[in-house]
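Asker: Sequence:
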Amino acid sequence: MNAIARPQMRWPAWLSYRPELSVEAIVLIASVFFAAFANNAFWRAASAAGAFANGGGAWVAACVFVAIVAITSLLLGVLLNRWTVKPLLTVLLLVTAGAAHFMSQYGIYLDTGMIRNVLQSDGKESAELFTAGLVLPLLLYGLLPALALWRVRLKLRPLGRALLVRLGLLLASLALAGLALMGAFQDISALMRNHKEMRHLVTPANYLVSLTRVALDDSASRVRGRTPIGTDARMAAGRAAGAKPRLLVLVVGETVRAQNWGLNGYQRQTTPELARIGPINFPDVTACGSSTEVSVPCMFSPFGRANYDKDRIQGSESLLNVLEYAGIQTLWRDNQTGCKNVCKGLAFETFEHDTDPAYCDSERCFDEVMLRGLRERIGARPGDAVVVLHQLGNHGPAYFRRYPDRLRRWTPTCDTNELGKCDQQQIVNAYDNAVLATDEFLARTIRYLAQDTTRDTAMIYLSDHGESLGENGLYLHGVPYAIAPKTQTKVPMTMWFSPGFAASRGLDLQCLRAESAKPASQDNLFHSVLGLMQVETSVYEKRMDLFAPCVRKAV
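End of the sequence shown sits at 555 in UniProt numbering; the numbers just go up one at a time, nothing left out.
By construction, these hints were calculated from the structure, which means they are not laboratory data. Backbone N, C-alpha and C define an ideal beta-carbon position, used for all residues, glycine too. Please note that the accuracy of each hint is not assured.
[Said to hold, decoys possible] Using 20 Å as the maximum straight-line C-alpha spacing, the simulated SDA-like pairs for lysine to any residue come out as follows:
| # | residue 1 | residue 2 |
| --- | --- | --- |
| 1 | LYS196 | SER47 |
| 2 | LYS518 | PRO279 |
| 3 | LYS490 | ASN264 |
| 4 | LYS310 | GLN120 |
| 5 | LYS518 | ARG543 |
| 6 | LYS490 | LEU167 |
| 7 | LYS196 | TYR308 |
| 8 | LYS486 | ALA236 |
| 9 | LYS196 | ARG213 |
| 10 | LYS155 | THR84 |
| 11 | LYS310 | GLY338 |
| 12 | LYS542 | ALA236 |
| 13 | LYS542 | ALA306 |
| 14 | LYS490 | ARG268 |
| 15 | LYS518 | TYR475 |
| 16 | LYS518 | MET544 |
| 17 | LYS86 | PRO145 |
| 18 | LYS196 | ALA177 |
| 19 | LYS344 | LYS542 |
| 20 | LYS196 | GLY178 |
| 21 | LYS155 | LEU167 |
| 22 | LYS486 | PRO519 |
| 23 | LYS344 | GLN120 |
| 24 | LYS421 | SER47 |
| 25 | LYS490 | VAL428 |
| 26 | LYS344 | ASN117 |
| 27 | LYS542 | GLY506 |
| 28 | LYS196 | ALA53 |
| 29 | LYS86 | LYS196 |
| 30 | LYS486 | TYR308 |
| 31 | LYS490 | ASN307 |
| 32 | LYS490 | GLN451 |
| 33 | LYS490 | LEU474 |
| 34 | LYS421 | ALA127 |
| 35 | LYS486 | TYR475 |
| 36 | LYS196 | LEU474 |
[What the hints assert, rightly or not] Derived Cβ-Cβ restraints for the label pairs, each shown as a range:
| # | residue 1 | residue 2 | range |
| --- | --- | --- | --- |
| 37 | THR286 | GLU349 | 26 to 34 Å |
| 38 | PRO19 | PRO404 | 54 to 62 Å |
| 39 | THR212 | LEU139 | 22 to 30 Å |
The task is simple: from the sequences and hints, build the whole structure.
Answerer: Set out below in structure tokens:
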């Protein structure tokens with residue numbers, strides 16, 4: 001008995017089609033794809049800058065498009081070969097899809113500073129950015145093209161011929177880029193001259209170039225090591241015998257901007273607890289950078305923004321090292337992603353993964369956790385001490401997770417990580433509620449210090465950078481400093497001194513309140529702390545010391 005033949009299922013021809021392409025052809029196709037679908041942020045910014053507004057706008061746009069394709073082809077031609085084209089290009093497709101989404105969603109620029117921020121983000125911080133809104137871009141512009149890529153059969157050539165063809169591709173890409181740029185040179189050069197930051201929007205060239213620079217910089221830094229500074233530091237003579245040791249707490253805030261700080265006259269009282277205490281507030285303070293990666297090393301450096309040199313700052317020891325040379329105990333307590341090498345080799349404690357139920361949930365700990373056991377921790381070593389508390393603060397985009405429910409004062413709030421789904425007022429409401437949490441933390445820190453009967457105590461609060469909350473289509477922070485809005489570069493600074501500290505240091509607090517009305521910057525912190533703690537060293541500059549005009553008598 002013959003078996004009954006079953007009809008075979010036939011797939012549509014297009015599903016079984018597997019084209020044969022050379023690596024060079026794949027490079028060109030990928031370059032066109034990236035230029036067309038991964039550069040929306042660039043095209044919007046160039047259009048807003050008026051690059052395509054005149055009569056020849058279409059020609060300028062075409063030249064820019066060809067130039068981007070050629071530059072991308074040049075980069076991919078260096079990176080991809082017959083062995084790496086599929087796995088590496090798959091990674092590039094997925095990363096580029098994500099990068100394009102974040103640039104369009106938050107208005108960020110992928111320069112070296114932003115790449116450093118990305119590389120130093122922890123798992124929890126990164127998880128807050130992976131939202132449902134990222135799924136569709138990853139699927140359409142990452143996963144589906146990657147699947148198509150793996151259907152391709154590679155056309156292989158003998159090695160000698162393959163090298164010649166690749167060299168031809170690179171030379172042709174270089175020539176094509178030059179011709180395209182020359183085709184509309186006046187318009188393109190004006191665009192790049194007046195908006196230099198726009199090059200950080202061309203994807204994937206932006207993150208590939210920035211990532212290479214970061215890797216080279218970090219490698220060079222490891223070889224060089226850190227240059228010692230202030231090794232001649234010593235405590236000034238003249239302290240009264242039996243005087244109490246001093247404790248200065250530096251609270252490095254996270255992402256609080258000056259215009260939403262209640263003590264600065266904001267229409268909402270976002271600092272009610274501090275207002276009742278009456279600390280000394282500095283309403284006009286400029287940050288050294290628009291990101292933690294830049295600002296934190298800079299504010300603890302003697303070089304600062306006025307003489308900004310990234311390599312010099314990151315390659316040198318910090319304020320904390322100088323204090324240690326003078327015999328002052330230092331401790332960095334962290335509820336963020338580390339001290340950015342400011343405390344390298346010195347006492348450091350992290351609460352990032354703490355599980356104390358009094359302060360923490362499954363996601364994060366509130367900043368109050370950093371006060372736990374502080375007195376006992378510094379009491380183990382006699383003498384003066386400087387403690388840094390690095391906040392989680394207002395770190396976005398999940399502002400709604402930065403405060404307890406009892407501080408949800410302004411509503412409705414943006415209760416999602418996807419800021420694009422909220423109107424601006426909802427974002428501001430959540431952000432302001434988070435500022436209330438910082439206010440409460442600072443007030444609690446002051447009360448904690450005021451109760452210390454064994455030391456004369458003081459606190460300085462200074463935010464690292466500000467934040468954009470949707471103004472002009474910008475969100476979060478990290479815009480290149482040259483074009484960063486004041487929302488990202490103007491920060492709050494507030495100080496409190498116990499009566500004993502002010503008296504022992506000879507501080508005229510009324511004078512300091514008057515001085516606080518003058519402009520200040522993060523550049524002042526290094527020298528002001530040295531002056532406040534009476535450290536004598538060659539790296540100290542009195543003119544940069546905010547306290548110097550108000551010291552009447554040192555005890």
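Asker: All hints, please: hold or fail.
Answerer: Do the hints match the structure? See the list:
1. Taken as a hint, the LYS196 and SER47 pair is honoured in the structure, with Cα atoms around 15 Å apart against an allowance of 20 Å.
2. Annotation: proposed proximity of LYS518 to PRO279 holds, straight-line Cα distance about 16 Å (limit 20 Å).
3. For the suggested pair LYS490 and ASN264, the alpha carbons sit about 11 Å apart, so the restraint of at most 20 Å is met.
4. For the given pair, LYS310 sits about 17 Å from GLN120 by alpha-carbon distance, which is consistent with the 20 Å threshold.
5. This hinted pair checks out: LYS518 and ARG543 have alpha carbons roughly 14 Å apart, not beyond 20 Å.
6. Taking the CA atoms of LYS490 and LEU167, the gap is near 50 Å; set against the 20 Å cutoff, the hint is violated.
7. A distance of roughly 19 Å separates the Cα atoms of LYS196 and TYR308; the hinted pair therefore holds under the 20 Å criterion.
8. Annotation: proposed proximity of LYS486 to ALA236 is violated, straight-line Cα distance about 39 Å (limit 20 Å).
9. Proposed proximity of LYS196 and ARG213 is supported: the alpha carbons are some 17 Å apart, at most 20 Å.
10. Between LYS155 and THR84 the alpha-carbon distance is near 14 Å, which keeps this suggested pair within the 20 Å criterion.
11. With a CA separation close to 18 Å, the supplied pair LYS310 and GLY338 stays within the 20 Å bound.
12. Note on LYS542 and ALA236: the hinted pairing holds, with a Cα-Cα distance of about 14 Å set against a maximum of 20 Å.
13. Simply put, LYS542 and ALA306 have alpha-carbon atoms about 16 Å apart, close enough for the 20 Å limit, and the pair holds.
14. For the given pair, LYS490 sits about 18 Å from ARG268 by alpha-carbon distance, which is consistent with the 20 Å threshold.
15. At most 20 Å may separate the alpha-carbon atoms for a hinted pair to count; LYS518 and TYR475 exceed this at roughly 29 Å.
16. Between the alpha carbons of LYS518 and MET544 the distance comes to roughly 13 Å, so the proposed pair stays at or under 20 Å and holds.
17. Taken as a hint, the LYS86 and PRO145 pair is honoured in the structure, with Cα atoms around 11 Å apart against an allowance of 20 Å.
18. Taken as a hint, the LYS196 and ALA177 pair is honoured in the structure, with Cα atoms around 18 Å apart against an allowance of 20 Å.
19. Among the hinted pairs, LYS344 with LYS542 is inconsistent with the structure: their alpha-carbon atoms are about 26 Å apart, more than 20 Å.
20. The hinted pair formed by LYS196 and GLY178 meets the criterion: a straight-line CA distance of about 18 Å does not exceed 20 Å.
21. Restraint check for LYS155 and LEU167: satisfied, since their Cα atoms lie roughly 17 Å apart, inside the 20 Å limit.
22. A C-alpha spacing of about 14 Å is found between LYS486 and PRO519, which places the hinted pair at or below 20 Å, so the restraint holds.
23. For the hint pairing LYS344 with GLN120, the CA-to-CA distance comes to about 15 Å; that is within 20 Å, so the pair holds.
24. Restraint check: the Cα-Cα separation between LYS421 and SER47 comes to about 24 Å, which exceeds 20 Å; the hinted pair is violated.
25. A threshold of 20 Å between alpha carbons decides the hint, and for LYS490 with VAL428 the separation of about 17 Å falls inside it, so the pair holds.
26. Taking the CA atoms of LYS344 and ASN117, the gap is near 18 Å; set against the 20 Å cutoff, the hint holds.
27. For a cut-off of 20 Å, the pair hint linking LYS542 to GLY506 stands: about 16 Å separates their Cα positions.
28. Proposed proximity of LYS196 and ALA53 is supported: the alpha carbons are some 19 Å apart, at most 20 Å.
29. Taken as a hint, the LYS86 and LYS196 pair is broken in the structure, with Cα atoms around 33 Å apart against an allowance of 20 Å.
30. For the hint pairing LYS486 with TYR308, the CA-to-CA distance comes to about 19 Å; that is within 20 Å, so the pair holds.
31. The hinted pair formed by LYS490 and ASN307 meets the criterion: a straight-line CA distance of about 19 Å does not exceed 20 Å.
32. Between LYS490 and GLN451 the alpha-carbon distance is near 32 Å, which puts this suggested pair outside the 20 Å criterion.
33. Using a Cα cut-off of 20 Å, the hinted pair LYS490 and LEU474 holds, with the two alpha carbons roughly 16 Å apart.
34. Taking the CA atoms of LYS421 and ALA127, the gap is about 18 Å. The hint holds against a cut of 20 Å.
35. Proposed proximity of LYS486 and TYR475 is supported: the alpha carbons are some 13 Å apart, at most 20 Å.
36. At roughly 18 Å between alpha-carbon atoms, LYS196 and LEU474 fall within 20 Å of each other, so this suggested pair holds.
37. Checked against the given bound of 26 to 34 Å, the beta carbons of THR286 and GLU349, roughly 30 Å apart, stay inside it.
38. Roughly 58 Å separates the CB atoms of PRO19 and PRO404, a value that falls within the hinted 54 to 62 Å.
39. The hinted window of 22 to 30 Å between THR212 and LEU139 holds, with their beta carbons roughly 28 Å apart.
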